[in-house]
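There are 2 protein chains.
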Amino acid sequence: MTTTEATGKYDVIGTRPIRHDGLDKVTGRARYGADVVQSDLLHAKILRSPHAHARILSIDTQKAEALPGVKAIVTSADLPIIKDQMIDFGETLGNIRLLAENALAHEKVFYKGHAIAAIAATDAHIAEAALDLIEVTYETLTPVLNASDAMQENAPLLHEKMTTRSVAERFARGDDTGQKSNVSSHLQFKNGDLDAGFGKATHIVEREFTTSTVHQGYIEPHTATVYWGTDEHIRVWTSTQGPFGVRTQTAAMLGVPESRVTVYPMEIGGGFGAKINAYLAPLCAILSRKSGHPVKAVMTRSEVFEATGPTSATLMKAKIGCDESGIITAAELWLAYEAGAYPGSPVGAGATTALAPYKIENFLIDGFDVVVNKPKVAAYRAPGSPQAAYAVESTIDELAEKAGLDPIDFRLKNAAEEGDRLPTGVPLPLVGCRDVEEALKNHPHYSAPIEGPNRGRGVAMGFWFNGGNQSSVTMNVNSDGTITLVSGSVDIGGTRAAVAMQAAETLGIAAEDVQPSVGDTDTIGWTGPTGGSRVAFSTGIAAINAAEEIKKEMIKRAAILLETEADNVVEEKGTFSKKDDSSVSLTFQEIAKAQLKTGGPISASAASNPTKVGPAYAGNIVDVEVDPETGKVDILRYTVIQDVGTAAHPSYVEGQLQGGTVQGIGWALNEEYVWSGEGKMANSSFLDYRMPTAFDLPMIDTELIEIPNPGHPYGLRGVGEVPLVPPLAAIANAVYDAIGVRQQHLPISPQNVLESLGTIPAEE
Amino acid sequence: MTTTEATGKYDVIGTRPIRHDGLDKVTGRARYGADVVQSDLLHAKILRSPHAHARILSIDTQKAEALPGVKAIVTSADLPIIKDQMIDFGETLGNIRLLAENALAHEKVFYKGHAIAAIAATDAHIAEAALDLIEVTYETLTPVLNASDAMQENAPLLHEKMTTRSVAERFARGDDTGQKSNVSSHLQFKNGDLDAGFGKATHIVEREFTTSTVHQGYIEPHTATVYWGTDEHIRVWTSTQGPFGVRTQTAAMLGVPESRVTVYPMEIGGGFGAKINAYLAPLCAILSRKSGHPVKAVMTRSEVFEATGPTSATLMKAKIGCDESGIITAAELWLAYEAGAYPGSPVGAGATTALAPYKIENFLIDGFDVVVNKPKVAAYRAPGSPQAAYAVESTIDELAEKAGLDPIDFRLKNAAEEGDRLPTGVPLPLVGCRDVEEALKNHPHYSAPIEGPNRGRGVAMGFWFNGGNQSSVTMNVNSDGTITLVSGSVDIGGTRAAVAMQAAETLGIAAEDVQPSVGDTDTIGWTGPTGGSRVAFSTGIAAINAAEEIKKEMIKRAAILLETEADNVVEEKGTFSKKDDSSVSLTFQEIAKAQLKTGGPISASAASNPTKVGPAYAGNIVDVEVDPETGKVDILRYTVIQDVGTAAHPSYVEGQLQGGTVQGIGWALNEEYVWSGEGKMANSSFLDYRMPTAFDLPMIDTELIEIPNPGHPYGLRGVGEVPLVPPLAAIANAVYDAIGVRQQHLPISPQNVLESLGTIPAEE
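Residue numbers (the working numbering), protein chains in the order written: chain Z, 21 to 784; chain W, 21 to 784.
These aren't lab readings, by the way, just hints derived from the structure by calculation. Wrong hints could be hidden among the right ones.
[Claimed, not checked] When the alpha-carbon atoms are kept at most 27 angstroms apart in a straight line, the in silico DSS-like pairs for lysine-lysine are as follows:
no.: 1; chain 1: W; residue 1: K632; chain 2: Z; residue 2: K613
no.: 2; chain 1: W; residue 1: K337; chain 2: W; residue 2: K422
no.: 3; chain 1: Z; residue 1: K632; chain 2: W; residue 2: K599
no.: 4; chain 1: Z; residue 1: K571; chain 2: W; residue 2: K571
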């Protein structure tokens, strides 16, 4: 579709105007973090641990300090939060003390690449040279490199004081078990009678799966420039998904009120969840304070791989049974997610989402958050869900086969619907699970013949909650009848356009008549990060709310101009007329032009506080061909079908489906951190960390199912994350279909394919 | 006074917190227009007329275009407004077609320095070299170099089609006289019976005065950087008092909707009224469009003098009579103000303000707006008022002497008060004219003896309306209980602080808890320029309005937290308590911290639309010493007393009084454009254009009279402009007191003093 005309019930929503930031981005004019230049700028480089697990016995920075050009050095001893606050493993996600230790190691290093010190110098080369002059003595410790090892009874402990929290049933917070462990928490959801359920089953499939550490692979490395003024105000220019979060984290780590920090979000070259936490800003802040200069740090690609947050490698077991007719009678899931160096994997989300496409009465889900000597994981697009969906959807595929059912028919028999409860007990609102499955079934791709040997087709489903959170929007009316719209949402994937369109729809003006921009933390009200597929949805609601306020004021102005009372003015699609005389009317533009003489400039600020988000389902059909000699898997054809709610800007929605799918293809087939025995990443460059390129991919076909979300005025759902959920299993199922061997280890790399075929012996 | 404690009836208003922008400005971190750097930036230089009056016969840019490094050239033929719109002399101020011709000469050049073409090149030196390659052929014309010559019947006409508009009595628009003239308009105010009034007079003084062209003399030259994107959006970074005005003007000159232009106001290094019009932005815009690059222009000091807007040189006659007791019976004023090359001098303001300190029943005021071959004048701090006040206050001084009265007693006998009408018919609200005069009389300075020969003392009064206009403010509540405040008002003289303080006062929080910033035209609602002494007043009201909205929302949130109804919550000084149980209360900070869980982020946008501005009176006492050999005048002591309304931030108010007075001293004693016979400025540098330095000045003592302005919630008046009104006459009167000769020509330079003494012959 290339139409820019409205086709549905809305005038603007559903059309395809050109995104406002597109031109600047394709012409290189958009300003990213690396483009920040300031007078007297210093450049920072970071000393990182060569060991995956070691105790820091001493750090001597004297020689480095003496190097001409070196202006300041920071170690964790300089971070107020590390000096002033004890670590509390009871809090994990959002625990700023843990974030601080991850940003600058304290007493121990927990992974190769863990930051130990940062140096600011007059140029980057001097800073880099000075790194070698810092003398660190370590007591090296045995690294713990995967969840399985970490959960062994006698495994070396990363955090000697950490105990397991037991979090049972529907997230009710349980007690600390008191047991020292690398397992920071064990959560459990259960329902019904598992044994009875399996007792009723005619067919049962039980399998074990592993997935590797994978990185989001955004193009733009992390960067921050910070100036700590002598007025004690700290300014941060950075690439982030959430300027307000960076403000909060930076302020907390530095022990200052958050209003002393201003964060200027630059354009972002990808984040996918991993640019929410502040790695560099606190370090640069202290270097700036010590030196009196602004300080800039830009990570190398290796640093991005080794010292930011990939997503969890996992060890998972799934056991699912169904009766004669193909109705699922019981499911058991056992999920161990690697959190990396500090607690906080997305195992909870994996545990909550994996069975969400199904009605299942009897289930038991165990989830384990396990620390290992690898970089602390960060969010990655539907965090935790792709892994668990891989386990469940592979198992379902096998179960359907055993039951003699088409895999989509099997799913349709068990499809979740409105009112069914997630493991957390939250009931599903109106959702499109069945609609997506029916669309998969009816898609020409599904009935197209598969010709040739070693070719196969797979399907899988995926679920994601989507996030709500709060956003702020300010809108101002220009005298030419256009609008400027400021939001606090960093634009990823065209959200400027999607938000502006909702304002335009509400006001009855053209999409092009709304000029969106992204504010800094001093300019706009608090806004949650761009993540959780929430911006088009929640920032959209804030824009609608602000537009409604604008409209209310325009009605007052119309009343002045029409010489009547405000309650005698009615607005429809940007035209304001008298209720009692519809022949007399004014356009939005006419009222805008008269604003200064009817009471002054018109502006409005509003926030969103959505209570009902719109969960989303996606389904995939994929055809593959496996080369049995090399083990290489080629994607022949790919179809993504997703319940996107109302598609605000269909092109950008389609783009999200395509982008998420491509990341899933990479995860399924090629991407993995290759670890040495000592816990060193052996492939920390884009040459060696194999992401799919255009040469590896067919066109990703999309079909949008638009089940309106009742929690949004125009029915939007989040769309960005769920497309990453089904591909792992869909591709594994297709490979099975092609070569007849189940793929229980990701990536389905040539080596793993050949191992699964027995062509080469399995690696240790 | 150095206290930062509140002393009056307010908690924040009247204290002296440190200005938010101070540190960045004194440490060189603040970003001004000249600091703008962009990738692929081109530098523009402007070809300017060597003639004061000439017809442009041809412009050949071919050789310049061929110079390597030259990327684009613009002439007036490229300006859409000049192509598309006829000139209309009926509109003067705000006539964008005239602004456009002033920015790029069309058919004729009207002053030496008038821009003819601009060149963008890869560096400024190439651009400058290329200027010499543009071949312009002129037909030189006789220049008209002062109002007197211009008004002669047979004077050469600048604009052959221009006729005089007759604007009589109280600004009612009169008819076009149809008479071709260099006088663009003749306005007249009259009241009572002039002849009868003079008939009743015992004493009459009639004098003629001249003043010279003077420049505002801001430190920072004009600058603009413009990028015209291929998306047709035009971005302007510039030093301006009014980003929204620059947006409007630039858009109009370029023939695009104003929403296609975004203006980013940089910090401003002084403006005083002359940085409201766009000189460079439209040129750079077209150069950018032609070249595809961003284009930056920075004027040299000579360009600032020769091609921006100084204020009017004048020829003025004053005749005032009083009866035996010293009561003024009649006044006649004849004012001819040079507008420069295009119509639009501030003669109307001079005519309206000069008699405002007096109750006068019978008067006739004639004002003439006269075009001459000099740069088009721009606003300069209380535009037009200092000149006319110089004429009136000198004449009053002489009349008081004739009547045998102390000059302050004479003024007190005739002091204007609430209800008296300005010549326009507008009645004065509550004003402090008499209060200021009484304070002058009672000030120790006035009774201090004057010792030594050639020393004298002068007094004078001044009046200024002050401006209102509209402003927008957006405020956001941080979780730590602080506020970010965005306004559209470029900060001149500490207005960030003054506006923030009014927000803080309204919310019951500390001044330091409000963090103000200045928005660009995409970020904040429409806001009039920083000028007319309006920002602390009108943007202050917008801040108060936004704060009231915030407070209303905070009350709702407090109700949730206190588990009561909103109308059972009462707020006082930032504490929110239950009406029915005052023991239960919450602080502003506590509610702010809970905002996300009580409904979401709290923000508000509001505008001001003041209808009642607060006019201001200032009075001066000055002691001088004249060196009879050299004619040099030294200022020995200076006291400024002004009705400032409530002083929001007394230090910055005092700073305005001091700064305005110093500019008045320069205007009175030294500053003037020295013109060659051909209309070339002979002293277009700060070495030759003699502004006062610290060595020339005593401490300027200030006394603030705080008569609250009933048109503002906290009683603020504008304070920035009126201090420039009295010094010209006060100093002239002091020089008379010292040497016994009236000074009817400004500046009272050594040469003019010696001429007035007859020591040297008067110049032609």
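Hint check:
1. W:K632 <-> Z:K613: holds, 23 angstroms
2. W:K337 <-> W:K422: It holds: about 18 angstroms lies between the C-alpha atoms, which stays within 27 angstroms.
3. Z:K632 <-> W:K599: violated, 34 angstroms
4. Z:K571 <-> W:K571: holds, 22 angstroms
Hint violations for this structure: number 3 only, all remaining hints satisfied.
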